[in-house]
Structures are given as structure tokens and as C-alpha cells.
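Chains as they are written, first to last, in this note's numbering: chain F, 1 to 365; chain D, 1 to 300; chain L, 1 to 239; chain A, 1 to 292; chain C, 1 to 255.
It is worth saying that the hints were derived from the structure and are not from the lab. Some hints could be false.
[Stated by the list, open to error] Chain C stretches covered by chain L per the calculated footprint, using a threshold of three residues with CB under 8 Å from any CB of chain L:
| hint | region |
| --- | --- |
| 1 | 64 to 71 |
| 2 | 153 to 167 |
| 3 | 184 to 197 |
| 4 | 244 to 252 |
[Said to hold, decoys possible] List of simulated lysine-lysine pairs, PhoX-like, C-alpha gap at most 20 Å:
| hint | chain 1 | residue 1 | chain 2 | residue 2 |
| --- | --- | --- | --- | --- |
| 5 | L | Lys128 | A | Lys178 |
| 6 | L | Lys52 | A | Lys178 |
| 7 | A | Lys165 | L | Lys106 |
| 8 | L | Lys107 | A | Lys165 |
| 9 | L | Lys106 | A | Lys178 |
| 10 | D | Lys84 | C | Lys55 |
By construction, the Cβ of each residue, glycine as well, lies at the ideal position given by its N, Cα and C atoms.
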Amino acid sequence: GGAQKADVIKVGWFGALTGDQAVWGNNEFNTVKMLFEEINAAGGVTVAGKVYTLEAVGYDNKGDAQEAVNVVRRLTSQDKVIAILGPNASGNAIPIAPILESAKVPDIATVATNPKVTVLDGKVKPYNFRVCFIDPYQGAVAAGYAYEVLGSRKAAVLYDVSDDYSQGLRQFFVENFKKLGGEIVADESFKSGDVDFRPQLSKIKSQNPDIIFMPYFFKEVALSANQARELGMTQVMMGGDGWPSEQLISMGGAAVEGCYFVNHLDYDDPDVADYKARYLKKYGIETELNGYLVHDAVLMLVDALKRADKPDGESVAKALESTNIKGITGKIAISPETHNPEGKDAAIIKIIGGKYKFQQKYAAK
Amino acid sequence: MSSYLEGIIMLSGINLIAVLGLSLLTGFAGLFSFGHAGFMAIGAYSAAICTTIFKLPFFVGIAAAAAAAAGASWLIGRATLRLKGDYFCIATLGFGEAIRLILDNFQGLGGARGWPGIPPHTTLVNILILDVIGVVLLANLVRSRHGRNMIAVREEELAAQVAGINTFKYKMLALVVSAAYAGVAGALLGHYMTFIQPKMFSMVKSTELTIIVIFGGLGSISGSVLGAVVLTFLPELLRAVDKWRLVVYGLAVIGIMIGRPRGLMGGFELTPKSVRAHFARLREAKAARADQAAEEKGGL
Amino acid sequence: MLNVENLHVAYGGIRALKGVSLRVEEGEIVTIIGANGAGKSTLLNAISGFLKPAAGTMSFKGKPLGRRPDIIVRDGICHVPEGRLVFANLSVENNLAMGAYLRNDKKAVAADLERVYSLFPRLAERSKQSAGTLSGGEQQMLAMGRALMTDGDLVLMDEPSLGLAPLLVQTVFEIIGEIHKLGKTILLVEQNAFRALSVADRAYVLEQGRIVKEGKASDVAADPAVRDSYLGAESKAGG
Amino acid sequence: MAQFLQQMVNGLSIGSVYALMAVGYSLVYSIMNFSNFAHGGVIMFGAYFGFFAMTQLKLPFPAAFAVAFVGTAVLAVVIERIAYKPLRERNAPFLYFIISAMGASIFLENIIIATIGPTFRTYPDVFGRTSISLGSVAIGRLDLIMFVISAVCLAGLVLFIEKTKIGRAIQASAYNMKAAALMGVNTDRVVMIVFALGGMLAGIAGVFFGMKYTVYPQIGNITTKSFVAAVFGGLGSLPGAVLGSVLLGIIETLVAGYLSSQFRDLIAFVILIGVLVFRPTGIMGKTTEDKA
Amino acid sequence: MSDILQVRGLTKRFGGLAAVNEVDFNVREGGISGLIGPNGAGKTTIFNLITGVYKVTSGSVSFEGKDITDTEPYRIADIGITRTFQNIRLFKNLTVFDNVLTACHASASYNLADSLLRLPRFRREEKTLKEKALELLSILGLADRKDAIANGLPYGLQRRLEITRALALDPRLLLLDEPAAGMNPDETEQLMRLIGDIRNRFKLSVLVIEHHMDLVMGLCEHIVVLNFGQKLADGTPDAIRGDKRVVEAYLGGGE
Ligand SMILES: Nc1ncnc2c1ncn2[C@@H]1O[C@H](COP(=O)(O)OP(=O)(O)OP(=O)(O)O)[C@@H](O)[C@H]1O
Ligand SMILES: Nc1ncnc2c1ncn2[C@@H]1O[C@H](COP(=O)(O)OP(=O)(O)OP(=O)(O)O)[C@@H](O)[C@H]1O
Ligand SMILES: [Mg+2]
Ligand SMILES: [Mg+2]
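Just chain F, with the same shape it has in the complex (with noise of 0.2 Å):
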């Protein structure tokens, strides 16, 4: 054969594979890993004229800070990747920035939706990106939808008081639904590693709200949608982009039948479902959101790769910047000023007869 073998360019991906955010790590470092076979099997990559394959060089950090920094810090200095994907935890991608800088590798984060992984003190940190809405946003559109869509009037909070995802979507829906006219009438939290929500379930159910916000993880919404019911409750429970998951069904059952949560896509888009698909038949089990926005951020770079001047991680930054592509989660159109996708729209889903159904698009004002 006379092909000539192609120059490889190496990506990072870190996240947690083992601890107790393994699930999401695993099923983004598989998605990695099996985008990059199919774009190499496609030939690759060309950058500035020429051909490159793509090497996914991936590490666990437990979902922890501290080694996080550690990887990023040995992604960069001992593998020489010109780019990093993920995390998906905003705790884990604020503090790799200043590693970042001094490497001039950029990043992708894919499920980060702390507004601080990008912007610090009103300024932009040039190498932080992310694929996925931020919290305030992602918020407002919850406070919208229950309160001028689903009409409600009276909201209940449940939320994870030792988790950064759940609080921060727990204080912008809080700020949105007051700022509407509704009234908060519960304001409950749990704790991280709780799986009995039933004490503050009843206290909410004593104050009969329309809806239960519920802006967490799929293994809790499941369980405390399933206390809910046991305990009599009939309302209906929203949720964020922690809920989609085959699992989520699969555990809540009929308990999460007739809620509504806020998405980044709409699963019957037939790009999505190509992607589930092909995830399923490579590796036997479902996809989980993070597979999708990893997906995108692979797309997003590939794209910055395409664009870039040379292969490094200055010229992937500096194309990442002016990234507008279309992704199976939607229209990602970067900001230089925040590096964050703007004026992505939400995708609003229901459950119903144990699938998610998209309902509309819906973007707050």
C-alpha cells in the first residue's frame, strides 16, 4: 500500500469514570472515542492543507477539582494536546483556566453551566468554551414555561444545597418565577448522596404548590418523583437538563409521567437519533445527555480544526471564537465575548407514555 500515513493530532478529554458522576464521564469519553474512529475512518481531519487523524487521550479525575488540575496540568505539558473536552462539572472547569492559559490549550466544556467556566469579573478567560446553555438562562426558561405556559401560579424548590449545578439553577429559576409574579411557597433542599427526600416532600406537600421544581440529577429526580407519589402527590414536577436519561424512566417510571423538563435538544430531531443509534449499536447501552453535547463540542472543534491556521492550540482558540455550526443540540453560535453559545434555544420536553416528547422550543426573554 502506498498510503501515506497520516500526522496525528492528540485531544484531551477528562471527567469523572469513576466516583459518583462516572456515568456521565463514561458515556462522553465513549462518544469521544467512537466520533474520532468515525472521523478517522472518514479520512481525517484536514487542517491548513493537511491531513491529520484524531487520538483521544482521556483520564478519570473522579469529578474532583484538585485533579482536574492535575490532568489538565498533564494533558498539556506531558501529551501535548492542542485541545481538552469536557468537563462536565462547572466546579472542575473553573479552576483548570489559569492551566489553560499559560499552556494555550483551549477547552470545551460540556455540560459546565456555571456563567463563571467562561467569564470571571466581566472579562472573557480565552481559552474556556463550552457547548451547552448556561444556568441563568437555562433557569429563566423554567421560570418561563411553568409560570406563562403551564400557568402556574404556586412553586415548590427541591434542590441539591451541596451541588453547584443545582444550586445555581435553583437560584435563577427562584429569581425568574418571583420576577413573573409567582410565589415560591417551598424552598427545600437535600444533600448530595441522600436518597430519602420524604420529610421535605411532605413539608412541600402541606403547602400545595402547583409545581415542583426539581433541578437535579436523574437517580434523585427518579427517587423523589417516586416518594412523591407515595406520598399522594399529584403536581407537576419540572426539571433541567440533569433529567434525560434512559435511566430516569426506567426508575421513575409512571411517577415522572406527565413532567416537563428543560432540554438542549429535541430527541426526535432525526441528527439526534442517528447519534443514539450509533451509540447504542457500538456500545449495548443508551446514551446519556452528556453524549450529546460531547458530540457537539467534537463538531465544534473539528470545525475550529478545519478553519485553523495551524494545528495548535492558540489557532483552534482563536477559530473557536467564530464558531457557527449547527449541532445536533441545535444552533451554536459562539460569542468572543462570552465564548458561550448564544441565543441557543431550549428545548421544552414532556413524558409521556414513558418517552420524551418534545413540546416546543422555547427561549426566554
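Dock chains D, L, A and C with the ligands against the given chain F, drawing on the hints supplied.
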């Protein structure tokens, strides 16, 4: 030096300071704490307040961290030091979780979402300087009457009391000093990460510190040093095995406990004098064995 | 009945027994005397399986001695340890019941319990008290009583008179006599050498891990060297 | 009032989960005198054993239940042999046991993640999710069953320990292994029995936990709470472990329901310290003066 | 001669049991007194009450005229009373030297800063402490064992070490709980001489619990006899030996 290697060395240096403190408490005074990450959290947040909000120099932040952690430990010690063994252990565990819960709820300092933008004051140099100071002070302490009194409390509390040692006072001293060390470590960690979040100071962190102390060898400062370095590097070396990493780590912990009766350096202190004495002992033991073998043969 | 040949035991580098040989015949009372740290307790602990000998052989009733303490007890050797080791968390009653752990005939056990209580009325008074709060002497009585309950053939006693009031020391030696009359063989370690030699048939003198003398108890008691270093004022006053 | 009654029911239900975990933990503590942090890992395995027995082997619930607790009994004994026995044989201080136990617990959790993955799994429905309503108070059916099972386990265990010969040997060995061996007790076997019993209780706890909530590798973490409960009730005392668990469950519930769910654990902790200050050995722990 | 220790109406109950019941006695300054009685009579309990290890149910203890009832154990040592234990309680894993050195702590006054920074005062006083520990060890004949681990010492030497440790605190009253237990008559005799020497050399008062009558009768100037928690008799050795009740309850007819 690659930034990666430098990072790990810095982290082991930071861990070392916390471990030294815990080593005083557990290894020398015989008290077992599950809440040391709580003291680190207090240190990290106090130092960050000084440097980020009040724009004070770093060393002021470090001093404040030590003082705040020490103060908190004094309060908690007042309430719980009379408890024994596992009861004290539970109290410290509760304390660590309580600190975290307070910080989670305290939105002024970022709550659970964390506090970014802390100036990157921690450097390899200031870590190493503090490490050396930490080791020297601790070594001086344990080889003074104060340190000996702590050891006596660990060995036999009742006898210590009857020997005129105010056991409560010395347990308190050990707790306060060890909390101050943890506070300093917290301050360094915060200014190394430039970001602090209550999650970083979970019970897992506390148990990690305890594992290091015992892994290194109870009552041995050099053991703690070695333990901090080995156990900070070990997970990094295991990166290649991916998700099997913690499986191996768990096995390594069991392995050392059953394989090395007193931890890596248990009861042994690495000083020139001790090394010489150790070799002398080895020679003696060899001679004694030969002696015995000869006699057993003769007896048959 | 018991045969020990060339036994060596060491604690790490410290050699406590350096080639001890001894034998105990059925029905005898044999005593071992020796200074503090001579290795007497070490010898008994090795016989009852708590210490692994570095070298040497031991046999009991013609068969090699078992490996584990519980097997050795089953074979019929019971041990009243130095320092009593009563079960502090159990009541006196349950301590005695533990003594009969291996026995199944309830009647005989009940009869033995009666006998223990009549030998030590104090134990009967305190049968419900937890053993940890007994006075030192009471604990010693309990340890003896508990050993009687095991119904072994050979009783190893490690300083049974330790810490007992004079009156009780007397009682203890009477009890040793009674146990002996019940047909048990006794290997007795005592500091109170004078007393021990007066009840024993034969004696060994242990010095720094070696047997330096053995013989009939009365001969050993008469040995001037032994009188000098082990029998002290009592013998001088008595002799 | 209705809410109060409901909260008491909630508290009892949470308490009985803690209790089921705490009893096994406390049993091992009472004989080995160290906190067996691997207990949580064994509970987690119990949940998986039961789950796979039902879903993969398609066993009916009672058989799956048996598979789970026999499996965990064996697992607990194996852990003892590997991680503790060598320490026991050289009389290592209790700290070594604790660290070895932590190692084992890290191992158990991560071996699951590395082999069968971190996904959450849901038990097939056995007892039904509906609850029994008494007025406006809802009582979970599973809760009732769990409550009964915990009570039966505890009563059985107490009888076993107090009334049988082996039970007495267990107590004796708990105090002093050497002295117990002098009575002809095979202490190795006693330890094995204790770990097997502790493992069985862990298996039972695991299956119920899995049915009530869900099955995932971090189940073990929740045992921290039962550890707290056991200490609160008085370490080494089985009734204490149960009482402590139920009280902790109720306190947590009432704090969350009436004071502040944000500070639930903080307030529960303050109450706990308050109790320990007045009763330094927990509620049912023995408060004897150290005999000097 | 005045009394260094006065015990008045001392009572200790454990549940229903009065382990010590309304006991009165004095210990003479500079003398060696004995406390004897059958097993379980309450002797050790009295030591525990004097040294603050147990809380008194009722009654009082005064030392050199000052009331010290229910003082914390560590304060008792400061005040000038130290003791040994019936079940030896050494710092088992430390060397003989460190056992004694630890107990010398009260003879130094350097503070925490001095020790952390090794200031001159630390060096000076630490040197004196070490000299003091060595001196004590050689007086008590343990100097050649100073680097041995306490736990591995033979029983007799462990007892001796406990006494040395108690002496390191410069007590004015030394309480010994069965110091001769487990010693053979010869060793007991040596111990007797040692106790006498210590009393003379350190000018202290001694209260000793013993069951070895040779020791008690040969050494003590004054003896208190307890029985069932109550004082049975009190007097010189000869008086005690002749007391019918004591013979009956404790000494036994044969002696
Ligand atoms: N656990 C141990 N570790 C180290 N050395 C020990 C240990 N136990 C005993 N020894 C040493 O072994 C030797 C023999 O001790 P052993 O207890 O057998 O003596 P003994 O004759 O019973 O004395 P005693 O009259 O004091 O009971 C002593 O020198 C003692 O110091
Ligand atoms: N902590 C305690 N709890 C309950 N009872 C106790 C406690 N301490 C001692 N006793 C009881 O008090 C009585 C006196 O005990 P003490 O130890 O003072 O006896 P003693 O005179 O020293 O006897 P010995 O000569 O045997 O050591 C005994 O009956 C003992 O059982
Ligand atoms: Mg002995
Ligand atoms: Mg006594």
C-alpha cells in the same frame, strides 16, 4: 520541569502540611479525626477572604487560615475532646460535614457553586519553605515535654493523668496545632487552585489524609513525608489503568496494612542517628540468629 | 503425660526459652520456679499453643500436641493464665459457663458449678456482677473456678496466688490440693516457691530460659542455692 | 397534625433503613472493636446480588433474597480473611483495621464501576409501589415489611447472642480472644461466624435498600449515616444501634420538616453532640468507670 | 510527727455496693504506712479516690491540711501525690528512659514557643530533665535497661519502672498498689529495702497496699486494715498481728 510534574509536587507538598498536622493528632496523640478536611476548608476560605476581598498579602492570609482553623478546633475540642475513640471520631466527622454544609449555604462566599478568582499566590517555593518549617516545628514539638505528654496520653491515658499530665489540655494542644496545619494547607490549596468549593473538602479528603498518615507509619514524621509523596503520586502513576485505578489503590492500601506491620516507616524516624542505630541492630540480630541456630543444633 | 523436648521460643530477637525439656507424669503436681523473667509464663504459653516455638517438640498423652489453643484444650490441657484474663464484659456466672464451653453433659457441669461456688463463696455472692469490676483477688478466684469448669486432665497454673490475700493464698493451695485429689495433673508456676514446693511432687528450676535444676520437690527445696535465691525469708524463718 | 404524623412515619421509615445497616455494623464492632468501613461495600454487593439474581437468573424474590445474603456472608468472610486476619494475628492496633477496611471499601466500590459499570439499576417491582393510606398519612408497603424484617433480625440476633453457647463464645471472644481460646473456643471460627452474620445482615439491608431506592456503586456511602446512628445509640450494643437509627431518622425528619432542610445534617449533628456530651458512650452504651 | 494525709468518712458506692464505707485514717508524714485487707476490701478503690480517678460518694480527703477531695488526677500529681497501679500501666511502647523522662515534665517550665523554636531555655531545661531521668534510673537500678521497650521488661522491672516514674514527679506522698505482686521472696526483700531507701533519700511518705506480710510487717510503721469496705483496725504491726479480728478476716489462723 514539566508543569504536570511541578503540579504534583506542589500538591504533595500541600498534602504534606495537612498530613503533618494529622500525624500529630493521630500518630502522636492517638486521636482519630474524620473531619480534617473541615479545618482545611476553614483555612482555605479565611485565606481567600484576606487575599481576595481585603487584598492583604499572602502570608497574612496564611496566618489567618492557621488562626481561624485553630480557633474552630478549639471550640469543637471543648465540646468533644472528652469523648473516647469512635465517639470522638463521629464528632469530628459531623464537624467536617457541618462546615461543608455551612459553606454550601453561605452564598456570600459562593455557596456550593464555589468561589473562583482567588489569586494564584501558591508557588513551589513557598510550599517547600512551609513544608520545611512544618517539619522542623513538628519535630521540635514532638521531642519536647509537650510532645512527650501527648505521646503519654496516647499510650496510657490514666497513667498519664496520674503522672500529672492534663490529658484534656494536651489533646487540645494536639488538636489545635493539627488544625492550624490543616488550615495552612487549605490556604495553599485555595491559592493553588485559584478556586475553592465546599465539595473539595469532603469526608473523602479527610479519609485520604488519615490513610496517608497510617500508611506512612504512626508516630513517624518521616513516614508522613514519605506517605504524602507516595500516595499523591500513586494515583497519578495509575492513570494509565483508567477506571481500574481506584481498584488498585484500594488493594495497595490493604496490602501495605497487612504487609508492613507498622506502616511504611512505623516507629522509625529517618535521622542520621537512627539510621546508624538501625544498622547496628540489624548486625546484632544477625549475630543472635547465628548464635541461636548453633545452640539449637547443639541441643539436639 | 506431657513431654517437652528442647523447646526454643523467641519474641522477635529476644530469646526467652533456650532449649527447655521437661515431663509431667499423670497424677503429679510439678512446679516450675524461677525469678522474674526466667521464662515460666513463656513456657506455659508455648504448651497451650499461644506461642509458636522456634524449635523443639511437645507431646501429650503420647501424641504430638495440637497446633491451636482450642484443639489443645479439647485434648485436655487447661490453662489458668497469668493476669487472670477473665471476661470483663461477662457476668461471673457466664464466665464460669464459658469454662464449660466444650462440655455437653449438663448434669456434670451443674455439679462442677456447685463445687466452684462452694470453694469460692465470694463468687456465688457476685454471680451476676460483671467480672471486670471484681477486685483483683476476686478475679483470680474466678480464673481458677473457670479453669475447673473446663474439666481438663492437665491444669497449667501460672502464678495462681498472685495478688491474693494471705488467707486466700492458703485457700488457693488447698484448692490445688483438692483439684489434685480429683485426679488432675498439675503443672504449677509460682513465685511463692516455698508453698509451691511443699505441695509439689517434683520441681524444675528455670533460669534465664534454661532448666538449671530438676528433681523431687523436697530435694529441690533443700538445695542451698535454691533456698538462697528463691525461698527468701520464709524458708529462713521456717527452717 | 397530619403532617406531623406523616413526618413521624417518614422518620421511622428512614430509621429502619439505617437500623438494618447499623445492626450488622454494630455486630462486627462488638467483637472486633473497630469500625468496619467495608460494611457499606458489602451492603452494596448485596443489592447487586439480589438484583442480578432476579433479573439475570430470573429467580423469584425469596430465592434471590437468599442468594443475596448468602453471597454477602461469603463475601464478608473473604474480606475478613484477606484484609483483617493477618492484622488480627499480630494484634495490630485498631487503626490498622480501619484503614484496611477503608481500602476494602474503596476496592469494592470501584471493582463494580470497573466491571459492570456505574449505571443505576432498578429492582423489578415485588411488593408494589403503592402505599397504605391511613387518613392523610401514607405508609409505604415496603417500609412496613422492612420494619418487620429489621425487628425480626434484631430479635433473632439478640437471642442468638444472649442465649446460645456460640453467642456466649462470641461475647467472650469480643472481650479477649486469648482467654476465649483457653476455654476451647475456636476463635477463628467465631470471627468467621460473626462476619458471616454481619455479611448476611448486610445482604438483607442491601436488597431492601435496592428495592426501596435503587442500586448503584455508591450505596456504601449511605452507611456513614448508619455508622453515626450506631455510635449515637451506643457502640457495640445491638438494641442501641436500632434505637440510635430510629432516633436519627426521626430527628433528621423533624429537622427537615420543621426547622430547615438546608441545615438538616448540621442540626442533627448538634443534637448528636449534645447527647454525647451528656452520655459520652451513646444512649445505650455502658457507662462504667474505667477500673483502675 | 504530723499527718500528711487525712481521710475522713470516705465512702464510694458502685450501684448498691459500698466498696468503701465511712473510712477514716491518717498517713504520717515521713512514714511508711500500710493498707491491707482481704481481696475486694476496697484498698485499690481508696487509692482511686485519693488520686481523683474515681469521684467520691461522700467524705473527704485532705493533704497537708488542704482539702483535695475530687481533684482531677493530674492536679493531684502537681499537689504532690503519685501512685503506681495494681495492673501495671506503663507507657508500653516507649523506652524505659522515655517513660521516666515523660514523667519529669513537671520539673521544666519552658513553654510551647520555647519548644517549637528550640530556644535556649528549652535546651537548658531539657538537659536538666534528661539528667534527672538518668539519675533516677540509676538510683533505681534501671540505668542499664534504659533503651529497652517497657513492654518487654520482666514483670519485676516493670514494677520498678512504675515506681521510678512516680518518683520523677517529686512526690511528697507515694502510693504503691501491690508493688511486690508476682515477685519471689528474694525479690520482695530487695523491694522492701528499695522502698525504705527511697523514703529516706527522697524524704517522702509512703502508703503501700500489699498482701506479702513479710513486707508489710517488716516495713510499715503503721498499718490500716480494711474489710468489706470498712476499717477493721489501725495500729502498729505488732498490734495488728495480735488483733484477733484481723487474723480471722485476713491473715488466717495458720500464720
Ligand atoms: N511480649 C513480649 N515481648 C518481648 N519480650 C517478652 C514478651 N513477653 C515476655 N518477654 C520476655 O521474655 C522473658 C521471659 O518472660 P516470661 O513472662 O516468660 O517470664 P516469667 O518467668 O513468667 O516471669 P514473671 O515471674 O515476671 O511472670 C522476659 O525476659 C521477658 O522480658
Ligand atoms: N468500677 C467498679 N464498678 C463496680 N464495682 C467495683 C468497681 N471497682 C471496684 N469495685 C468493687 O469494689 C470492691 C473493692 O474493690 P477494690 O479493687 O478496691 O479491692 P481491693 O481491696 O483492691 O482488692 P484486691 O486486693 O483484690 O486488689 C470489689 O468488690 C469490687 O468488685
Ligand atoms: Mg510469668
Ligand atoms: Mg486492689
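Taking the hints in turn, this is what the structure says about them:
{"no.": "1", "hint": "64 to 71", "verdict": "violated (count 0)"}
{"no.": "2", "hint": "153 to 167", "verdict": "holds (count 5)"}
{"no.": "3", "hint": "184 to 197", "verdict": "holds (count 6)"}
{"no.": "4", "hint": "244 to 252", "verdict": "holds (count 4)"}
{"no.": "5", "hint": "Lys128(L) - Lys178(A)", "verdict": "violated (23 Å)"}
{"no.": "6", "hint": "Lys52(L) - Lys178(A)", "verdict": "holds (14 Å)"}
{"no.": "7", "hint": "Lys165(A) - Lys106(L)", "verdict": "holds (13 Å)"}
{"no.": "8", "hint": "Lys107(L) - Lys165(A)", "verdict": "holds (16 Å)"}
{"no.": "9", "hint": "Lys106(L) - Lys178(A)", "verdict": "violated (25 Å)"}
{"no.": "10", "hint": "Lys84(D) - Lys55(C)", "verdict": "holds (19 Å)"}
Comparing the model with each earlier hint shows violations of hints 1, 5, 9; every other hint is respected.
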